[in-house]
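Trainee: Chain residues, written in single-letter form:
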Amino acid sequence: MNKPVKLSPKDFASDQEVRWCPGCGDYAILKGVQRTLAEIGADPATTVFVSGIGCSSRFPYYMATYGFHTIHGRAPAIATGIKLVNPKLDVWVITGDGDGLSIGGNHLLHALRRNVDLNIMLFNNEIYGLTKGQYSPTSEPGTRSPSTPYGSIDTPVSPCAFALGAKGRFIARTIDTHQKHLPDVLKRAHAHAGTSFIEIFQNCIVYNDGVFDDFAERSVRDERTIEVRHGEPLIFGTARDKGLRVDPTACRLTVVEIGKDGISESDILVHDETNPHLAQMLIEMRGPDFPVAIGVIHCIEGETYAEAYEAQTREILKKSGEPDFNSWIRRGHVWTVGKDGAHPEPAAE
Amino acid sequence: MNKPVKLSPKDFASDQEVRWCPGCGDYAILKGVQRTLAEIGADPATTVFVSGIGCSSRFPYYMATYGFHTIHGRAPAIATGIKLVNPKLDVWVITGDGDGLSIGGNHLLHALRRNVDLNIMLFNNEIYGLTKGQYSPTSEPGTRSPSTPYGSIDTPVSPCAFALGAKGRFIARTIDTHQKHLPDVLKRAHAHAGTSFIEIFQNCIVYNDGVFDDFAERSVRDERTIEVRHGEPLIFGTARDKGLRVDPTACRLTVVEIGKDGISESDILVHDETNPHLAQMLIEMRGPDFPVAIGVIHCIEGETYAEAYEAQTREILKKSGEPDFNSWIRRGHVWTVGKDGAHPEPAAE
Amino acid sequence: MDTSIPSSELEALDRVVVRFAGDSGDGIQLTGTQFASATALAGNDLATFPDYPAEIRAPAGTTFGVSAYQIQFGAGSVLTAGDEPDVLVALNPAALKVNLPAMREGALIIIDKGSFTPRNLQKAGFESNPLDDDTLTKYQVLALDISKLTLDAVDPFGLSKKEALRCKNMWTLGLMLWMFTRPRKPVIDWLTNKFAKNPVVRDANIAALNAGHAFGETAELGFHLPRYRIAPARVEPGEYRTVTGSQAIAWGIAAAGLKAGLKVFFGSYPITPASPILHELARMRMFNIETFQAEDEIAAICSAIGASYAGAIGVTSSSGPGIALKTEALGLAISVELPLVVINSQRGGPSTGLPTKTEQSDLYQAIFGRNGDAPMVVLAAATPGDCFDTAIEATRIALEHMVPVMLLTDGYIANAAEPWRIPDIDDIPPIANHKPAAGEITPPFNPFRRDPETLARPWVTPGMPELMHRIGGLEKSAETGNISYDPANHQKMTELRHEKVERVARFIPPQKVSHGDETGDLVVVGWGSTYGAIDQAVRLARSEGLKVSHIHLRHLFPLPANLGELLAGFDRVLVPELNMGQLATLLRDRYLLPVRQLNKVAGQPFKVREVLEAIHEAVAQDAPKAAE
Amino acid sequence: MDTSIPSSELEALDRVVVRFAGDSGDGIQLTGTQFASATALAGNDLATFPDYPAEIRAPAGTTFGVSAYQIQFGAGSVLTAGDEPDVLVALNPAALKVNLPAMREGALIIIDKGSFTPRNLQKAGFESNPLDDDTLTKYQVLALDISKLTLDAVDPFGLSKKEALRCKNMWTLGLMLWMFTRPRKPVIDWLTNKFAKNPVVRDANIAALNAGHAFGETAELGFHLPRYRIAPARVEPGEYRTVTGSQAIAWGIAAAGLKAGLKVFFGSYPITPASPILHELARMRMFNIETFQAEDEIAAICSAIGASYAGAIGVTSSSGPGIALKTEALGLAISVELPLVVINSQRGGPSTGLPTKTEQSDLYQAIFGRNGDAPMVVLAAATPGDCFDTAIEATRIALEHMVPVMLLTDGYIANAAEPWRIPDIDDIPPIANHKPAAGEITPPFNPFRRDPETLARPWVTPGMPELMHRIGGLEKSAETGNISYDPANHQKMTELRHEKVERVARFIPPQKVSHGDETGDLVVVGWGSTYGAIDQAVRLARSEGLKVSHIHLRHLFPLPANLGELLAGFDRVLVPELNMGQLATLLRDRYLLPVRQLNKVAGQPFKVREVLEAIHEAVAQDAPKAAE
Ligand SMILES: Cc1ncc(C[n+]2csc(CCOP(=O)(O)OP(=O)(O)O)c2C)c(N)n1
Ligand SMILES: Cc1ncc(C[n+]2csc(CCOP(=O)(O)OP(=O)(O)O)c2C)c(N)n1
Ligand code: SF4
Ligand code: SF4
Ligand SMILES: [Mg+2]
Ligand SMILES: [Mg+2]
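Chains as they are written, first to last, in my numbering: chain A, 1 to 349; chain B, 1 to 349; chain C, 1 to 628; chain D, 1 to 628.
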């Protein structure tokens, strides 16, 4: 096989039969990812997909790249090792709401704060798919599931709020079936140096069907979501007639109608993806009063872990010169015993 | 021993010799906690201190209450089991920046989002004390330590930002030696129903001496910190001449001088501990341009996990009536085999 | 291919093995479960083996998407799901492809020929249609267009074709119920209940069931269908139901909580095949059971340790990879000497391995898998019903000896169903514990002052006045409970921890020979879910006149005090295990006996034949000198 | 109390055991290390045993705050730090209190009587001053006011009293250097270097050192001080240094990386006593070593697995509780068959146990402690210097066999120092690996196609063109590497994983008898850090005429192929271990030999005497019949 100049999405599909339930949102994501990789001209030989355990984590098997289906929750840690050893690789982490935020929360936290250059896609279906439908840390309170037959009682974690609290520098959201939006977000994530965190609202048709329908369903999407874009005003609605502003004394976002009460487009807050405070406000928005923010909510540049490490190493090597192992292990007190096995008497003091 | 009507701080000291390094900030915290317990009239028999591993985690041994020195990072999970089984207990969790945010980050996240009624005190000395001084996840970048002889390169996690991202409903900060402030914060934490998270800046005199001196040291404290109080304007400075405001277009805090540019006290933002966005801005502040916020930064009421659980259980019991185990295991198809061991023929169909 | 099915009005059989197989979307597990229920109600003894793919819903028509449910039932005692099916129901080509190799020659194969489309044949990897070539010549084949027959039957209900085809399994079940003279009523009751909110679907399913049954009855074909009668088994009188191992474990834990008069706190994290225990207990909140779905397995065991510390019965449950994660915390529980029950529903390993397949390969981990000298009690359940008793036994030991106890089951007994004589909770003896009565202990209090018999320490829990104390994972003074780095104390405490676990052997019943004589040429020593296969193999061997006995261990650590003596009564020891020889290591270490191993690590239970062959081979060998 | 120290000009001794003890704030570990360095430079063989409290700085004056450093040195080969000190230096009452029980009658005790204040005496738990009562009658006591002598010596430097007293250890060291005729210069060099930035402190310390030395020389007392000469040991020619086990492990790993021509990635999380390996490797970045302080032990091993997957040598290191946390991920490494080195610096357990004390109780965990059938290679280092070779051996096996390897050391060898003949990196043979050359493998590629000799799979790493593939913890087809739930395949893969590890035995040197004949009445079989004590005990026993030999195992799993044969040459087997009998289990399981155990679990190494006594007892018993 000679490497073709330009690969098509199909070239990124492995020969393994895809084994998700018919109608699962994962199919759409797979398609979106394959398209994205084709469009950015990725090299399958230097692309690695690393995942934990879950329906979502079966993802690597279906990609004609390198792939490592690891253990539950640990993909960010394994991916960190991969990336640090070979920073030239494009490393994608695939995780689920259970894999990434239940058992794997700690590794996600530390990958994010270290700013290891990984693209982390969290498929959030608000349920444990693979183990047959128990509630997950992102499930809405009151979720009835085999492990919560009377309804769950814990407050869900918000993946993006968590990522922000973990000092994430690239935080984005998209929707499985939003095939125009998803590849764009993935391209931005790929272009970003450092940990990119992408929450994908993913429909589990078997155990949590329609859980995002109130905003993600095609017919309401334009009205109930806001596609945020850096430098553009935060306007939404099918008629693009609503916008967001900050109430400075209450320190909160409000929704305003353009054209009403003398409010014009220029009064609308402009999205600044570098501002973590705005990011937090956008992340928190949820219906019915607010639209759900999708797109690149937060993005700031900064040295990646590997970059900082390599810069430091260059300094060290500059100082150390050609390292010599034999001298290294001879630092400190060394003495020599002669051929006869005798040792020189200690200097008379 | 008959229980005295009112215990003194000393009554909360166990008979074990305290084994921290002389001059360690932990001593001051121990004193503050013993004072707090005396002042709130705590009953040693229903008070439990649960800790992980670290210098800080030796804390329970020095308290004349119940105490469980567990394993590294797991105190929140163990404390959760304790509290859920016996909600009448007052459960305090003692952890360190390594114990709570390195190995134990995930349990902290989940205790916080579940809102288990624990008081979690994180002694942040920005170093691993007990294992002799390696850098920790809260150490400043560039920290030289035995494991980072050339300086650390990772971005530290901010304990309070993390707690906020984890949906923490009570987030506070105080300083080991600030003996007026610390007990007040602890009392508020104790009074709060749900997980209370308190970050305590603690000086490790051996491995990280003076790391908080730029704001926590007595002589600069008033100038370089701001004691936030719900409903009061965010004013600070020895002369109480500086305050905080929100720039609505930039969506950020700014420091203003009272009496300058026509700014008066009434222009200063009033602290609203129920606002998570303000909390985030306050948490992020750090010198030289901003004061460090201490006090109760964020506090919102909400049902605790145990409360929700008990309410649900009452409902269940109301419906189930007096539960009968024998009937429970006889639900579904049951058949009887007679004395002769013979089985009735299946009904002729 | 022989399509001339011999006609036979109510042929009487002693036992039959039936295997239902189809696409995961075909509802095979439901079909099997309902057939098992009806069979139980018909008075037969039975054992089942559900075998389904790891995927939630694998793509239709693929071989890896095949779901199967095997059941053996009979007039005598039935302990395994059977080696080779007598009857296979294959609802699509992939099901035939996957299951054909397991069939004995001459078996009856019932096929839905309506599903044998070119596309399905290709997905299953058939190059030509097996109904047309000589693939099936060695079998009796009954190829019906079940798809079409079902569509016809449910036509009146106006379902979509997809929905209508979902009733295929009920049509098939109806036919099978007719064929084996099982009652239809329990299935109809169950459908009525299940689809209470959807009467159209309910009625369609009932119609399909009845149509399948009527098909048998009216025999619309040019030949007679076979029909069998299997006499009811003669069993102990009492009330019966079918039970899976998971249910029985959950109920055993619940019963133990009631008999101990304590709250049960069950901290767990979902994992196959352990989750059903969590699911069942979660529903049982009214029995003073609190379930907690933790963020991971470490938090799960830690919450349970916290619960035990606070005075409840802490229980945690997982399977191999999750148990591995609990290792460190187990050490803490051993060190602070708290009661704890840890349930391991073993599955195929290593690592993620074969999550939905069965294996016994976590015995090493249970007994040896901790840092430090950290002995703990290990038990194993032998059958689904035995899970109930073993769960109670595990809890009893944990509470009475103040120790963590590991209870091993596996994917096979977790999912398999068998008829179970339902106990009466009032017949179960109460379980004591070491909580001091008010005023029984007075300060100064040493949390490690031990009961002289069991060496258990007192269970003083927060809230008890005046007994405040501190414990932890550092070594503690045997005299005061305070931290101690004293060398002699560490030696003493290490020995005490060992002795405490060893002493459990004084409180358990002596090991019995499960079947056969107390001496002989060969003893087959097993543990866990291999019980049925070993029992049947030993019975067959004895019926051939071989001097073989069967010993089945519930207590794996400590081993029963009399086991060495018992083993000494036999010339040879054979240890069949679904692993590479883990109990074998224990027995060799303890008794220096040259045990012979039979190891299978294929994700499948033993076939009786496999054990029987190993018995033959073992007996054929020269008897070893007593102490070789 | 006998204060009349016999005068003796340069009394010649064959070997001496000296123990320095004082408050953790007294700088005892530094004193000991410097004395050891000077001793090494004086040409003696030596072994040390640092023994310090778990607290960073325990409160001054308490018994639990006592830090000690024991050294044995001599003209012959020295392999342990000695059973009982000949000389004790006690810098405060608590140090005397704690260490007195270890002293033999007649030993010399040097005391800083300046520290024997009423408050310190009370803190140490002395009811009366031992200098005044009969506590010390059985010893030779030299009570000096070292505090005051030090203050006088450093008076010119204007230090605070607290700072000045910090020089006490150097004064004492000066005296000891004089007493044992060791050179002062290396210590002065070291001080000069250490306090380069603080000349006042440097000069004060040097002044104190010189003053202590001068005190000996000028003997300001009414009696002569003893002075000893210990002839240099005759050892193999070469360059020498002292080395601790931690250093040697780090250097061994680094050397292996260089010889393999690969990057070393060391993912670790701090824990006592493993951290010093991380610290040393962190400094060695210029040798293509990347250290990564992970968020926990799970992330540490996972990052190392990721590194191995990406083509580096993945290494991770911890001690018991941390290794326990790595259990699940180890299963993954075994399942995906990647090279990995896992270092366990064992410490006292279970649970947190005795973090600063030594033990060998993680052998069970190393060999058996995983879910599923998950065999892995296990090695153990015997001495600090041996750590270097064993680390290289571990890496070699990992790379050449594509397996994870566990390397066991313990708190004793991690911290203990011994003279070490420094190798030349050029003399170490290169290490091969299974990375295919460009074009060597062409698609279609099966990642589990094995090397016929080692059964290693090819090490294809991301970035290699055209060999893209997917691996994971689910069972894989032996033929394609894709997920496989096939029963026969699982059986085959399980057997292959076993066979692959077993085959390592073909590539390791046959086991040798470490000391003694190849046959005899008794063989003492040891592993790990007990080497020195066993060796010396066996030598003593042989000098008594007993037919005893010593076998010391580096390879614990798989065991060397010829071990069974070797053991068969002896009538009895004695297995001394710092645990409750873990190697004993292995040997019984494998060879069905009735081994006799000697178990010590006190956080302390064996004394030679203890092993010798066990040898006497073992030999006194009737020899067992060959196969009892
Ligand atoms: C250590 C361990 N614990 C538990 C499991 C069982 N398990 C597999 S996937 C999963 C949760 C999957 O949920 P999520 O990450 O949301 O993925 P989804 O299936 O929903 O895509 C669990 C609990 C496991 N494989 N390993
Ligand atoms: C499982 C495990 N890993 C590692 C350790 C070693 N360890 C003990 S305390 C500690 C870090 C302590 O740091 P921190 O929590 O900040 O507490 P501090 O000592 O600074 O108060 C570590 C790594 C351990 N005891 N157990
Ligand atoms: S269970 Fe849900 S998430 Fe999993 S494959 Fe099926 S639809 Fe998708
Ligand atoms: S090492 Fe630091 S944190 Fe630990 S006791 Fe000493 S001063 Fe305190
Ligand atoms: Mg999910
Ligand atoms: Mg710390």
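No wet-lab data here; the hints were simulated from the structure. All figures in this text were calculated on a predicted structure; none of them were measured in a lab. No residue lacks a Cβ here, since even glycine has one placed at the ideal position from N, Cα and C. Among the clues, some could well be false.
What the hints assert, rightly or not - Partial pick of chain D residues on the chain C-facing surface, computed with a CB cut under 10 Å: (1) P183; (2) P186; (3) P321; (4) A324; (5) L332; (6) I367; (7) G463; (8) M464; (9) P465; (10) A602.
Trainee: Measuring from the C-beta of P465 of chain D to each C-beta in chain C, is the shortest one below 10 Å?
Mentor: Violated - the Cβ of P465 of chain D stays beyond 10 Å from chain C, reaching only about 28 Å at its closest.
Trainee: For the hint on A324 of chain D, does the least C-beta distance to chain C fall short of 10 Å?
Mentor: Given a least distance of 4 Å, the restraint on A324 of chain D holds.
Trainee: For the restraint on P186 of chain D, tell me whether the closest CB of chain C is nearer than 10 Å.
Mentor: violated (33 Å)
Trainee: Please check whether M464 of chain D passes as an interface residue: C-beta within 10 Å of a C-beta belonging to chain C.
Mentor: Since the shortest Cβ distance to chain C is 24 Å, the answer is violated.
Trainee: Go through the hint on I367 of chain D and say holds or violated, using the shortest Cβ distance to chain C against 10 Å.
Mentor: Result: holds, 7 Å to nearest chain C Cβ.
Trainee: Under 10 Å, Cβ to Cβ, is where G463 of chain D needs to be relative to chain C, so tell me if that hint holds or is violated.
Mentor: Violated, because the Cβ-Cβ distance from G463 of chain D to chain C comes to roughly 24 Å (cut-off 10 Å).
Trainee: With a cut-off of 10 Å, does the beta carbon of L332 of chain D approach a beta carbon of chain C closely enough for the hint to hold?
Mentor: Check passed: Cβ of L332 of chain D comes within 5 Å of chain C, closer than 10 Å.
Trainee: Verify the interface restraint on P183 of chain D: the C-beta must sit less than 10 Å from at least one C-beta of chain C.
Mentor: violated (35 Å)
Trainee: Tell me if the interface restraint on P321 of chain D is satisfied: Cβ within less than 10 Å of some Cβ in chain C.
Mentor: Since chain C brings a Cβ to about 5 Å from P321 of chain D, closer than 10 Å, the hint holds.
Trainee: Interface hint check: A602 of chain D, Cβ to nearest Cβ on chain C, cutoff 10 Å. Holds or violated?
Mentor: holds (4 Å)
Going through the hint list in order, the structure does not satisfy hints 1, 2, 7, 8, 9.
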